[in-house]
Every structure is written in structure tokens, then in C-alpha cells.
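Chemist: Protein chains in written order, with UniProt numbering: chain A, 1 to 105; chain B, 1 to 142.
Be a bit skeptical, because a hint or two may be false.
[What the hints assert, rightly or not] Here are the simulated DSSO-like cross-link-like pairs (lysine-lysine), alpha carbons at most 30 angstroms apart as the crow flies:
1) Lys33(A) to Lys88(B)
2) Lys77(B) to Lys89(A)
3) Lys88(B) to Lys85(A)
4) Lys77(B) to Lys90(A)
Derived from the structure by calculation, the hints contain no laboratory data.
Predicted, not measured: the structure shown is a model, and the values here were computed from it.
The primary structure of each chain is shown beneath.
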Amino acid sequence: MALKIQKSFNEEEQLWVLVLEGEVDLHTAGILKKAVNEMLEEKKGSIRIMGDQLEYIDSTGLSVFIGTLKQLQKENLNILVRNLKPSIKKLLNITGLDKILVVEN
Amino acid sequence: MNHEINREMIELSIPHRSEYVSMIRLTVTAIASSMGFDIEDIEDIKVALSEACSNAIMHGGCSAEENFVVQFIREQKRLTISVSDFGKGYSVQTLQDPKLEELNEGGLGIFIIRSLMDDVKIKTGSSQGTSITMIKNLREEA
Chain A
1 MALKIQKSFN EEEQLWVLVL EGEVDLHTAG ILKKAVNEML EEKKGSIRIM GDQLEYIDST
61 GLSVFIGTLK QLQKENLNIL VRNLKPSIKK LLNITGLDKI LVVEN
Chain B
1 MNHEINREMI ELSIPHRSEY VSMIRLTVTA IASSMGFDIE DIEDIKVALS EACSNAIMHG
61 GCSAEENFVV QFIREQKRLT ISVSDFGKGY SVQTLQDPKL EELNEGGLGI FIIRSLMDDV
121 KIKTGSSQGT SITMIKNLRE EA
């Protein structure tokens with residue numbers, strides 16, 4: 001399964017909303033990285049990742065989040081994640097990323 | 001596949017190319033599911049195996065024309081998976097647990113494998129390739 005990415009800027013909350021659909025792995029992590037870099041070049045802002053349709057992610061995808069966080073934290077911005085599958089929440093938990101990202105609900 | 005199995009081996013030889021990692025996940029999902037692993041355990045195995053394959057593809061130092069080998073050994077109560085490449089190897093001593101507070105992306109894969117599987121062994125050394133062997137035990141039914 002491939003990865004589909006939808007990105008839009010929410011003017012009201014002043015943040016990017018990134019809808020990830022499919023799988024982020026070694027093959028698709030580059031697409032995610034490119035999308036995130038383009039977003040932040042266009043406009044600096046926090047990023048909310050919608051995980052409703054994110055079926056799978058591993059360290060290759062988490063590394064993109066970590067790299068992006070490094071950029072965002074310099075400007076007091078963050079990554080927020082919402083509606084993640086239990087298996088993905090577990091992965092954030094064992095890596096400790098859930099303490100660095102903002103996990104919503 | 002309900003017949004009694006003592007020990008059976010399945011082996012895949014796979015090109016060092018990232019598009020194959022999702023195919024390996026589908027394969028291991030089928031194997032683990034047929035053995036009776038639950039959804040949570042299957043997710044753990046999928047992630048751990050993907051991490052090992054990503055490692056082989058990224059750090060094995062092999063060209064895309066070469067293959068690495070994934071071996072599954074199914075036994076009554078456990079699944080053993082080995083991922084072996086024939087690349088240049090690397091030093092396990094340089095593999096440290098990631099320090100996320102320092103936002104360090106390196107070493108995350110091996111750390112995740114060790115967290116998700118019941119037993120993990122890594123054999124590596126200069127010019128002898130790397131082999132990661134991991135075991136997931138079937139949980140006793142309550």
C-alpha cells in the first residue's frame with residue numbers, strides 16, 4: 001500500500017493539517033519528508049497529523065517527525081497527532097516520542 | 001494449516017530495494033496470523049521485521065541488484081525470524097539507544113525491534129554481513 005498525503009493550512013488555528021493515508025515506511029518516508037519541507041517553506045507553523053487512515057509507520061517515518069520537530073522547536077512550534085491507531089500509539093510510547101509530540105485524544 | 005507443526009522453515013530472498021518492505025509485511029502477517037498470533041502481536045512483528053529489513057537495505061552496503069534473506073521458522077509456540085544481508089556489517093558497539101530528548105534519529109530501528117520482540121540477537125562484523133534474529137512467543141491462552 002502506498003502513502004497518500006493531504007495538506008492544508010487551517011487559518012483559524014494557524015497550523016498545518018496533514019492527513020496521512022496508508023503506510024509510512026522506508027519506501028514512502030521520503031514523500032512525507034518532501035511534503036513537510038514544502039509546507040514549512042510555504043509557511044512556518046505547527047503541524048497536526050491526522051492519523052485516522054494511517055495504517056502503518058515505523059522508525060523511518062518517526063525520523064521524519066523528529067527531524068521536523070528539530071526545525072519547529074526553534075520557533076516554539078510543535079507537531080500534534082490525532083486519532084492514531086493503538087499500534088502506532090504504542091510505538092510513540094516505547095520510543096518516548098509521545099512525551100515530545102502533542103498527542104491529542 | 002491446522003495440522004500439527006513441529007518446525008517448518010520458510011525463506012525469502014529479496015532485492016535491496018525499499019518497495020519490497022511492504023510485501024514482506026504482508027507475508028509475515030499471513031504467517032503470524034496462521035499461527036494464531038493476535039492483532040497486537042502481529043503489529044509488533046510487522047514493525048520489527050520492517051525495521052530489520054530497512055536496516056539491511058540502508059546499512060547493508062549492498063547494491064540494489066543483490067538480495068538479502070528473510071527466514072521464518074514456525075514452531076508450535078513461537079515464530080523466529082532472521083534477516084541476513086551479505087554486506088559490509090557494522091559495529092554493534094556503535095549502536096546506542098536513541099536519546100529522544102536530544103532529538104536523535106539514529107539507532108531507533110534496533111531499539112524498536114528490541115522493545116517489540118521477546119528475544120533479539122544481532123550478529124555483525126566487518127565484511128561478514130549482518131544477521132538480526134528475533135523471536136516472538138505465542139501467548140498462552142487465558
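Chemist: With reference to the structure, classify each hint as holding or not holding.
Modeler: Each hint, compared with the structure:
1. This hinted pair checks out: lysine 33(A) and lysine 88(B) have alpha carbons roughly 28 angstroms apart, not beyond 30 angstroms.
2. For a cut-off of 30 angstroms, the pair hint linking lysine 77(B) to lysine 89(A) stands: about 27 angstroms separates their Cα positions.
3. In summary, the hint linking lysine 88(B) to lysine 85(A) is not supported, as the alpha carbons are separated by about 37 angstroms, beyond the 30 angstroms threshold.
4. Between the alpha carbons of lysine 77(B) and lysine 90(A) the distance comes to roughly 24 angstroms, so the proposed pair stays at or under 30 angstroms and holds.
The earlier numbered hint that this structure contradicts is number 3, and it is the only one.
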